[in-house]
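Novice: One-letter residues, chain by chain:
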Amino acid sequence: MSLDKEQGPGPGIVTTAGPASTVEVDTAAMDRRQFFDLCKKALPAGMALLAAGTPISGLASAETEAAAGALPEPKMPSYAMAIDVEKCIGCGRCAAACKAENKVPPSPHYVRTWVERYVVPREGEALVDSPNAGIDGFPDQPEVDILKTFFAPKLCNQCANPPCVQVCPVGATFQTRDGVVLVDDDYCVGCRYCIQACPYGARYLHPEKLVADKCTFCYHRITQGLLPACVEVCPTEARVFGDLNSRSSPIQRVLRFNPIMSLKAELNTRPKVFYANADQEIR
Amino acid sequence: MKTGRIPQQVVVLSVIAVVVVAGFFGMRALFVPESFGKYGHYRADSVDAIRKLPIQYGGAKACAECHDEVAATKSQGFHRGVSCEVCHGPAAAHIEDPGTIKPTAPRQRELCPLCHNYSPSRPTGFPQILTAQHNPGKPCMSCHKPHDPVPPNAPKECSACHRGIWSQKLVSPHASLECSTCHEVPKEHSVDPRGFVVSKPTGNQACERCHSNAALAASAIPQVTSEHTARYLCWDCHYPHFPEGKK
Chain A
1 MSLDKEQGPG PGIVTTAGPA STVEVDTAAM DRRQFFDLCK KALPAGMALL
51 AAGTPISGLA SAETEAAAGA LPEPKMPSYA MAIDVEKCIG CGRCAAACKA
101 ENKVPPSPHY VRTWVERYVV PREGEALVDS PNAGIDGFPD QPEVDILKTF
151 FAPKLCNQCA NPPCVQVCPV GATFQTRDGV VLVDDDYCVG CRYCIQACPY
201 GARYLHPEKL VADKCTFCYH RITQGLLPAC VEVCPTEARV FGDLNSRSSP
251 IQRVLRFNPI MSLKAELNTR PKVFYANADQ EIR
Chain B
1 MKTGRIPQQV VVLSVIAVVV VAGFFGMRAL FVPESFGKYG HYRADSVDAI
51 RKLPIQYGGA KACAECHDEV AATKSQGFHR GVSCEVCHGP AAAHIEDPGT
101 IKPTAPRQRE LCPLCHNYSP SRPTGFPQIL TAQHNPGKPC MSCHKPHDPV
151 PPNAPKECSA CHRGIWSQKL VSPHASLECS TCHEVPKEHS VDPRGFVVSK
201 PTGNQACERC HSNAALAASA IPQVTSEHTA RYLCWDCHYP HFPEGKK
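Chains A and B, in that order, give the protein sequences. Terminal number for the first sequence in the working numbering: 283, no gaps in between. Terminal number for the second sequence in the working numbering: 247, no gaps in between.
Only chain B is shown next, with the shape it has when bound in the complex (with noise of 0.2 Å):
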């Protein structure tokens, strides 16, 4: 075999090589996105496209600029924060064409009683109602003002706002007691539940009051003695609206 001649082999085998290289490098510039790679592993492209898809809700600013009496009301109301298309459905189409596209405004019971109906697992001091009790069928606009919402009549009962406790104390041995018992209800506290907070007893004085041995309290009533209570709070162990006594 002469030297210097390149073998037939070799040849064959480099032009393979140089046309299977061409071709991946071809195919690459054929198949793979020109933006792919221009920040990371991705398609830079379809982040703008992800950015200009369109929009459904148009935010409550918006809202305010034309409905600025009602933004107004609502600014000083329990729903402050709660924005227009909450209740009103999403409105970036009508901020678009006013005229003819008109958002849906609720007039029935449906909606309200998403947020209000009664949840133990609702925060506690959230106004809550048990929809089926409360003036059943009976629109809730027709007595709240829904962009200023307040009780039409302070209500009388502690359980129209507390229902959870009001439930729980009804089934326990302290039915009987008045919420007044242990609570001193300022006057304005209907009418303004945060402005006006009722008290909480501070010390065990205001169950030994009926169950301290030395108590002139019925024989019933479970009684204890200083030792029993010298170290901790009463409720500490016992939910004064559920006590479960001895268990």
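With the rest of the complex left out, here is chain A (with noise of 0.2 Å):
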């Protein structure tokens, strides 16, 4: 059991701080038999400073109260997307203005959003494909009874729970203040951990960098009040990028107008990235 005690604000001195009085007394005049009995004197007043839970430190209830009166500091942004899966055509421009944004490597392994096609036939599994990340366009049909067929794009779901942040062993992938999951380039060891457990299979490792590479909501445009580049490019206003914690914000009414399912909620990764009219198949 802790002493119901308060070191002071000189040296050698004890203040006990009650609701009734504040006795002081010279810690360095004071024998153990005084030291005992200041404890019990302490005692009831800091049992009844606990049980009424009030601040022990006169000081700090004294700055609480100016807190109070002046105003709430601006609510932090929460970022969030919605992909509206109905409204997407596939054109991939998202991918291709993602890599020229954000210098992603040209060669199509290297993506940090992409377009996949899901084509459902009669029977059996779902054919998915993404042919570069979707951004030259994709083939023919394949030769099979189509019972229904669609595009979803596909990004870094910017998890309020992150599997990667929580593996990276030097803390070099993060969550920022606002909810945006990032990788510090100086930081990384490349050790590739994030990647094995991101259940999206969103991040790659950058093969000029050899660090982890991956969506980043273009940070560096969202903080200065643009779009990301794949919401500023979709024709199709299929992507809608904004605030959760702004009632104003454009993708509330995404979100209250549209079914919306997350990919992989049974991971309890509580993605911010929300998908719209999407079918069971987008996983």
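Don't read these hints as lab results, they were simulated from the structure. Idealized CB from N, CA, C, for every residue including glycine. Take these hints with a grain of salt, some might be off.
[To be verified] Derived CB-CB ranges, DEER-like:
1. V198(B) x R253(A): 26 to 34 Å
2. P74(A) x F78(B): 37 to 45 Å
3. P139(B) x Q224(A): 31 to 39 Å
4. P173(B) x Q224(A): 56 to 64 Å
5. F126(B) x M261(A): 34 to 42 Å
6. P74(A) x V197(B): 42 to 50 Å
Reconstruct the complex from the two isolated chains, following the hints.
Specialist: Next up, the structure:
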């Protein structure tokens, strides 16, 4: 059990703050018996304070009072994206713009966002392809008896509970206070744990920098009030970007008027990328 | 052994312990960046570094500040939602230095088919063509204005826009039927497809004109009794553009 006393501002001074009285004693001249007596006096006062739940330090309570009079701090944004699958025409402009904006290597193996084509046959598994992230268009449909077919853009889901951040051994990938998961290029050791941990396959190892790389929601753009490059160029407004903490953000409307799902919700990653009107085949 | 004197091994171990602890904190101060842990288990400075990355796409709002005439034209047309930089490429550098750096302008057929080539996966009603058959080799711009795209001549065939339905119907038992057999098509629909919507049959009567056993139709046409259709709409089971019949 800890003793109910507080170290006061000056050295050698013990201050017991109570609602009724404040006792100051010079600790240098105090013997053991005096010390126990002091504790006995302080104990009921301390218990009363704890029960009341008030801050022990008088200074702290003064500070909170001063803060109550001031304006509250503006709310930190919580960035999110909604993707309306019914609107996606599979033009791949988002993937192309992402590569241009973020200097992603041109090889098809390295992408931060990509468009998948789903072809669901009447019998059997759905066929999914994404040649060069969908940037150059898609080849003809596979020769199957098609039940339905659609496009689905994919990107880092910016999880609120990100597995990649959990596994990073050096603290190089992290979640900012506005909810975006970023990679610190100067701190990443390129161990690839995060690439394996990501359930959405959204990360790759940058071939020149040899560090993990992924979608940043175009953090350099959104913090300046611009839209992410993929959202900027989407010709059908299939991608909508916004702030979940702002009532007037366009994303609120999408989330309100559409049936929404998250990818792999059962993994409890709590994605910040929401899919509207999406088929359950999208994973 | 005298009491009060600290044994040598304790002294040695204490010195080692002090050196190790001091070394740990010394190394930590040396190697852990200053801003690490300011907001969480990461380097707070890296957030600022990422924020300062260069921007490539300037955004459609910035384009409209100078190119207001084009923006006004585009805002009234079907391409109003299409950002300038979709076709003209990233133009942040052009905004910084409009004199020397010019964005590209596609003039051939390379870009338009990325959106408008026919694909069954695209949403229904999105305007699509078969690029190989649609005036091959001719630049799209020679007939369509990219900032205000409308068909140069109102298309005469339904298949110009409803290619997916048309190609299915073509290989079905309904191949010989005109679209207008079942749909009422307003004249203006080909010019303003969303302003003047085509009607769809609302009840089974549309199908029963041919498929009821009371109808005076050729015997080759499958016919059903009124019990067959009593409780359902025909298209609950049969897709009218590709009626499978007995399978």
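Novice: Decide, hint by hint, whether the structure agrees.
Specialist: Quick rundown of the hints versus the structure:
Here the CB-CB span from V198(B) to R253(A) is close to 29 Å, well matched to the stated 26 to 34 Å. Take P74(A) and F78(B): their Cβ atoms lie about 39 Å apart, and the range 37 to 45 Å holds. The supplied range of 31 to 39 Å is met by P139(B) and Q224(A), whose beta-carbon atoms lie about 37 Å from each other. The given range of 56 to 64 Å is respected by P173(B) and Q224(A), whose C-beta atoms sit roughly 59 Å from each other.
Here the CB-CB span from F126(B) to M261(A) is close to 23 Å, at odds with the stated 34 to 42 Å. Distance hint for P74(A) and V197(B): a CB-CB separation of about 46 Å, consistent with the stated range 42 to 50 Å.
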